[in-house]
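Participant: Here are the chains, one letter per residue:
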Amino acid sequence: MLGLGGGVILVPVLTLVFGLNLDVAVAASAIAVVANSVSGSGYYLRARLTNVRLALILLVSTTAGALAGGLLVVSLPEAVTKSLFALLLLYVAYVMARRRVPAAPASSVEIVLPPDPYRLAGRYQDVSVNEIVNYVPHGLRIGIPVSSLAGVASGMFGIGGGPITVPLLTLVMGVPVKAAASTSSFMVGLTASASALIYYTHGSVNPRVSVAAVFGIIVGARIGARVSGRVHPTRLTLVFVVVLLLLAVSMGLQGFGVL
Amino acid sequence: MQQEQRPGSLRRQTTLYRRIVGVMNAGFLIAIGLMLAGILVGLVTGDHVAKETDPLGDILPGALRLRAQDVLELGIIVLLATPAAYVVVALVTFLRERDLLFVGVCLALLAILSLSVGLTL
Numbered sequence: 001m002l003g004l005g006g007g008v009i010l011v012p013v014l015t016l017v018f019g020l021n022l023d024v025a026v027a028a029s030a031i032a033v034v035a036n037s038v039s040g041s042g043y044y045l046r047a048r049l050t051n052v053r054l055a056l057i058l059l060v061s062t063t064a065g066a067l068a069g070g071l072l073v074v075s076l077p078e079a080v081t082k083s084l085f086a087l088l089l090l091y092v093a094y095v096m097a098r099r100r101v102p103a104a105p106a107s108s109v110e111i112v113l114p115p116d117p118y119r120l121a122g123r124y125q126d127v128s129v130n131e132i133v134n135y136v137p138h139g140l141r142i143g144i145p146v147s148s149l150a151g152v153a154s155g156m157f158g159i160g161g162g163p164i165t166v167p168l169l170t171l172v173m174g175v176p177v178k179a180a181a182s183t184s185s186f187m188v189g190l191t192a193s194a195s196a197l198i199y200y201t202h203g204s205v206n207p208r209v210s211v212a213a214v215f216g217i218i219v220g221a222r223i224g225a226r227v228s229g230r231v232h233p234t235r236l237t238l239v240f241v242v243v244l245l246l247l248a249v250s251m252g253l254q255g256f257g258v259l
Numbered sequence: 260m261q262q263e264q265r266p267g268s269l270r271r272q273t274t275l276y277r278r279i280v281g282v283m284n285a286g287f288l289i290a291i292g293l294m295l296a297g298i299l300v301g302l303v304t305g306d307h308v309a310k311e312t313d314p315l316g317d318i319l320p321g322a323l324r325l326r327a328q329d330v331l332e333l334g335i336i337v338l339l340a341t342p343a344a345y346v347v348v349a350l351v352t353f354l355r356e357r358d359l360l361f362v363g364v365c366l367a368l369l370a371i372l373s374l375s376v377g378l379t380l
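If you read the protein sequences in the order shown, they are chains A and B.
Read in our numbering, the first sequence has 4 at position 4, and its numbers run on one by one without any break.
So our numbering is basically just the index in the second sequence, starting at one, shifted up by 259.
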């Protein structure tokens, strides 16, 4: 419904509401994020919204980052991880609060696209405006290192990395927002699976919790897809931002040992 | 002036996308099927699913013996392996196209994933 992959909500809910250890919640979230990506990306691939070539290039650094993040989180004290997660939630709330309805693509206007030496150009039909959208991603020199940060965040917190990847693709690399969300959704599956294997080694995977999270996130995504068309986007975003802020405060207080 | 994709490039892209979707759908259905089967086996036999995972090497033999925990865990492993499977599919497609840059990209990705798997063994 909000294009964040579910992990941002799942980890705080599993720790704060169900009282699970953070590492167990992060592992379950990462596995659920993989399920969400694998089950949901098919539609976007068929619609050509996903840019597979761009995703694969960025995934090299993102997956390496996820591996590093996975190793980091199993060695950090839980209080530190919770405090960092609280900061991440605040960042996501900030990004969501600033989110604007994207302008209609100007594909009807003749524009000069940048050179495309790696053949990363994307082309899809935007059914909402009945236009063919052409774009050429740029800024790989910035995109590759920044996407590794998305990987580290994904590895540490089991969230997939969408809150970092989508702004990176749209704001820095010139990818239209629909293509960016679809490409990010495709990427998080591989990123989260790399870190989930690390959690396996560390014994953080609780099969019962993980399978419940998988079914929960899939059912939730289906309900979200149906509900999102009936709820005003601004109201939806506002509710989500408030929930994120509450979760950030709770998680931060736990991190500092107050709760 | 907008860049148009050439018909050959579009056809290759369509093939790649179709193969990836096929792998994703198959992986997802098998994984969910195994998870449901694990739950079902647990309900029928009263086999307990522990909070901890079994060692990776024990999962397949356990699943073949219809141990609920291992059937369920095999579902999780298949799910986690599905993204790696579509990288393999992409690698084969790029090899056939002799697209060496993306062959290298896919190999790098598989090397990182192998490192991740290596750390689990």
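Hints are computed from structural coordinates only; laboratory data are not their basis.
Take the hints with a grain of salt, since some may be wrong.
What the hints assert, rightly or not - Among chain A residues calculated to face chain B with C-beta under 8 Å, some are:
(1) 16
(2) 35
(3) 42
What the hints assert, rightly or not - Label-pair restraints from in silico Cβ distances:
(4) B:373 to A:238: 41 to 47 Å
(5) B:304 to A:43: 33 to 39 Å
(6) B:363 to A:145: 30 to 36 Å
(7) A:224 to B:288: 17 to 23 Å
(8) B:316 to A:94: 28 to 34 Å
(9) A:208 to B:320: 20 to 26 Å
Said to hold, decoys possible - Computed footprint of chain A on chain B; a stretch qualifies when at least three of its residues, placed anywhere within it, have a C-beta under 8 Å from a C-beta of chain A:
(10) 279-287
(11) 301-308
(12) 314-324
(13) 363-372
From the three backbone atoms N, C-alpha and C, an ideal C-beta is built for every residue, glycine too.
Participant: Can you take a look at whether the region 363-372 of chain B is actually covered by chain A? Rule is 3+ residues, C-beta closer than 8 Å.
Facilitator: holds (count 6)
Participant: Answer holds if the nearest beta-carbon of chain B is closer than 8 Å to that of residue 16 of chain A; otherwise answer violated.
Facilitator: Hint violated; residue 16 of chain A Cβ to chain B Cβ min 19 Å, cut 8 Å.
Participant: Determine whether the Cβ-Cβ distance between residue 316 of chain B and residue 94 of chain A falls within the hinted range of 28 to 34 Å.
Facilitator: Hint violated: Cβ distance 45 Å, outside 28 to 34 Å.
Participant: Confirm or reject the claim that residue 304 of chain B and residue 43 of chain A have a C-beta distance inside 33 to 39 Å.
Facilitator: holds (37 Å)
Participant: Quick check: do three or more residues in the region 279-287 of chain B have a beta carbon closer than 8 Å to a beta carbon of chain A?
Facilitator: holds (count 6)
Participant: Counting residues of the region 301-308 of chain B whose CB is closer than 8 Å to a CB in chain A, do you get three or more?
Facilitator: Result for this restraint: violated, n = 1.
Participant: Report holds or violated for chain A covering the region 314-324 of chain B, Cβ cut-off 8 Å, minimum 3 residues.
Facilitator: violated (count 1)
Participant: Closer than 8 Å between Cβ atoms is the bar; does residue 42 of chain A clear it against chain B? Give me holds or violated.
Facilitator: holds (5 Å)
Participant: Can we keep the residue 35 of chain A interface hint, with Cβ of chain B closer than 8 Å?
Facilitator: holds (6 Å)
Participant: Between the beta carbons of residue 208 of chain A and residue 320 of chain B, is the distance compatible with 20 to 26 Å?
Facilitator: About 21 Å separates the Cβ atoms of residue 208 of chain A and residue 320 of chain B, which means 20 to 26 Å holds.
Participant: Between the beta carbons of residue 373 of chain B and residue 238 of chain A, is the distance compatible with 41 to 47 Å?
Facilitator: holds (44 Å)
Participant: Given the range 17 to 23 Å, decide if the beta-carbon distance of residue 224 of chain A to residue 288 of chain B lies inside it.
Facilitator: For residue 288 of chain B against residue 224 of chain A, whose Cβ atoms are near 21 Å apart, the range 17 to 23 Å holds.
Hints 1, 6, 8, 11 and 12 from the earlier list are contradicted by this structure; the remaining hints agree with it.
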